[in-house]
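Asker: One-letter residues, chain by chain:
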Amino acid sequence: MKFKVAQEDLAQSLQLVQRAVSPRSPLPVLQGILIETTSDGLALSATDQEIGIRVLCPATVAEEGALVLPSRLGDIVRKIPFGEISFEADAAGNTMDITWERSRFTINGFPAQEFPPLPEPAQAPAYTIAKSELRRMVRQTAFAVSHDDSRPVFTGVLFVFEGERVKFVATDGFRLAVSEGDLVDRQGDIEGEVIVPGRGVSEVSRVLGEEGDGQVKVSVSGNRVFFEGARERVVCRLIEGQFPPFNQVIPKQFVTKLTCRTRDLLDACERASLIARDVGQAVKLEINGSTLVLSASAPELGTVREEVAIESQGDTLEIAFNPRYLIEGLRNIDSEKMTYEFTGPLSPSCMRPADPEEADSFICVVLPMRLA
Amino acid sequence: MAGRIAAGEVVERPASVVKELVENSLDAGASRIEVELVDGGRSLVKVSDDGEGMDAEDARLAFERHATSKLSRPEDLDRITSYGFRGEALPSIAAVSRVKLVTCPAGAAEGTEVLCEGGEVSAVRPGPARPGTVVWVRDLFFNTPARREAMGSAAAETARAAEVLAALALAAPGVAVSLRSEGNLLWSTPGTGNLLDAVAALFGAAFARGMVPVESLKGPVRVRGLAGLPAVSRRDGRRQHLVVNGRPVTPRLIRTAVERAYRGLLEAGRTPAFVMALEVPPDRVDVNVHPAKTFVRFRDRREVEGAVYHSLRDALERRDLFAGRLAPAAREPGGQEGDIRGGGVEARETGPLWGLPVPGEVPVGPEASSRPDAVDFGALEPLGQVGGLFIAARGPDGLYLVDQHAAHERVLYERLLAAGQRGERAAQVLVAPETLDLGPGEEEALSSSLEVLRETGFDIAPFGGRTVMVRAVPAALAGMSGARLVADFLDRFGREKAPPGKPPESDRMQAARILASCRAAVKGGEALTLEAMGALLRDLAGCAEPRTCPHGRPTVLKLGLDEIRRRFGRS
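If you're matching them up, the sequences are chains Z and Y in order. Numbered per this note's numbering, the first sequence spans residues 363 to 734. Numbered per this note's numbering, the second sequence spans residues 81 to 651.
Okay, chain Z solo, but in the shape it has when bound:
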């Protein structure tokens, strides 16, 4: 095995795969990165058996082969100066010489056969989505994933494929986020649902969503989901189970509805949260005509009271929330103006962009706090 590669290409590729390395795996080979030659370069793979990442890296291959090198390789390559690096494995395939300019590293590796093969994606069903959409939808749902593993389905993001559209849904039992976007293309089944672990979703966004335009193909095979970009592939084990019927939670009617500038409400909530800082402290909203009064108090710290200009319909209302839940929802409304619908002081509230064209792109249902 022998090849030449540009330092910057390799460093960048290694940085992407490194996230799937399991540094404390009982299988030493999983603490490494599999390097294989391909027809036009290298394929780098790592897996912790929950998530697998494979990235193609341009290189000039002189002799084919494959070897697993410790993930420390990433640190080494990062420290090597900009320029060309040569790699050559010994005849037995146990060590790799890394040379550049007048320097050389010799690194011990593992035989490639010991590395568990990453599963291959299926042709169908497969759905193609623009990177920018994927990035947005992950951002708009990943925050609402639960970190309490007693209900595994809540630790994942539900993907719902419906015709030309796709929805991502996440809930931790206290709020629910739904993000909707367009598919570029699809093959096979028109409808489908899978639950992807929250961590997997975040890695996908990081590996595949990083730069600019492009598309990602999402396919499901067995209990795994695959995400493929031009050079990158992420495979992730699915969460099994039944996601709760989320549509039932989204209010269809309201008793009070307000419209305001997203920024105004977000800023006011962020300031109020400086007072309602402790877990379990609430920020109170009083909606009356064209005014929203937002207040919070902490016995040891002080109080805050702000007025926000709004337009409202329906009844006057007093309601309290965990400020964090409000802030995390509001931060993900991408449009300048928003609407916020309420169904009562102890029942679900629903925020979304005000522009009718965007109104379905993001919905966040937040459950209030009861103050007695």
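Simulated from the structure, these hints should not be mistaken for laboratory data. Some hints here could point you the wrong way.
If you want the footprint, here are the derived chain Z segments under chain Y, 3+ residues with CB under 8 Å [to be verified]:
no.	stretch
1	620–633
2	640–650
On the chain Z side, residues computed to face chain Y include the following (Cβ under 8 Å) [what the hints assert, rightly or not]:
no.	residue
3	V507
4	R513
5	V515
6	R537
7	L538
8	P730
9	M731
All residues carry an ideal CB built from backbone N, CA and C; glycine is no exception.
Based on these hints, arrange chain Y on the given structure of chain Z.
Answerer: Relative to chain Z, chain Y alone:
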């Protein structure tokens, strides 16, 4: 009479012969039982005991079917407490082998010897005057070739017989039981009456050290036995023994309750080891269900499951399961069980190096500066995490280690209490109500704690049957499954006592303490960023009693600068 007894073949292999004969010996009040196998029992099973022997007439009758002398009226079937009530053991064995029985009642001038081959008694004659009974069973299945062929190898049959005998030995720890194969002693129990001695003799001392005593009397059901700590859990599902009214039965009968009791304690795929002896009034259990007598039917299964579950939880919670340390309650002298506990996991001493005593206790370390009053939590600066459980922090006067779980518990506890004192019931409403199925005993626990749960902020409503619905959780606990919180809470409430040496606590305080520990347990072992560590230390600094968790364990250890200097020889 005979028709009332579930009929069936009881002899399948040497292990069944061992079982039937040893049960007879136990019924005869033996204090010593010796079992010998030759060729895995295929050539010979010999069982000798020092129990009450039989006279000549009884010895002859023993070979007749359903000649049992133990039952005289049909009503007796409801009060069966002896082993061999079926009365068909010896005839069934004799029908398929060559049996010699020598027996003699204590004090008799001469004994009796009976020979029987293929079910036909060939001789009844005087025998030696040795008190007790010895039975030789030779050439098992000599007259039924198909069954003879169906037996396994000598090693396999020995293993099966050993397993059966071990179960009986555990059911009768007061009887010295030994097993020999081809003349070699495989094991022997001492017959001291202490179950732990029997366990150590059978499975080794190291295994016995991993067992904790279980004892409870709940309603009519008495539970005694030993429960295995996680360290002696197994992947193969073995080392599980259940004894009901002195009779070994299949441990599957209590599997659900045991699994529940160990929930969260074992890694996936591991099963706990246990030896549990239940005493159930004879009229509440039906033993006459299966010819091999390994099944019983409880009149009230939930009553039994509840007793098993609670006694196991009690026993396991007295233990600090993973830290290799005795919980305070278990350190008290405990009569007969004291030595069992003492033989368990070693007690952890506060080392001479690190020392920050619990308030009210005498300081252990030599450091004057390690007095708790000297800690200024607000000035601690986190350096990193150690072992995923502890925060290392720099203070103005030394190095500190903070137990993040204990610290988190303290912070939550004071927050829940403070909210209560302000009369707040701040609650976070759930997106969709969660349902919770109540387990054995949990209905009562819920009805006695419903009030305090509601005061804390829970919104709990009945949902029909044994199911309840959780609609809101205390705001300070948001982020966790409401059903899981309630389930964990019910597990502990009512059985948890105030930490030793503390003033008695109100229900409200107890609830806050339990909820804090449920929540903190979830967060324990979590990787923390420096920022999160700093936030936790600041929260801790704001507590009224930052130095201990609500259970009285320390939250922080300190290594003073003077001490560090001295240790490096720089003083």
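Asker: Hint by hint, note whether the structure agrees.
Answerer: Against the structure, the hints come out as follows:
1. 620–633: violated (count 0)
2. 640–650: As far as the stretch 640–650 of chain Z goes, the hint holds, because 5 residues have Cβ atoms under 8 Å from chain Y.
3. V507: Violated - the Cβ of V507/Z stays beyond 8 Å from chain Y, reaching only about 11 Å at its closest.
4. R513: holds (6 Å)
5. V515: violated (11 Å)
6. R537: Result: holds, 7 Å to nearest chain Y Cβ.
7. L538: The hint holds - L538/Z has a Cβ within 8 Å of chain Y, the shortest such distance being about 5 Å.
8. P730: Holds, about 6 Å.
9. M731: With a minimum Cβ separation of about 5 Å from chain Y (threshold 8 Å), the hint on M731/Z holds.
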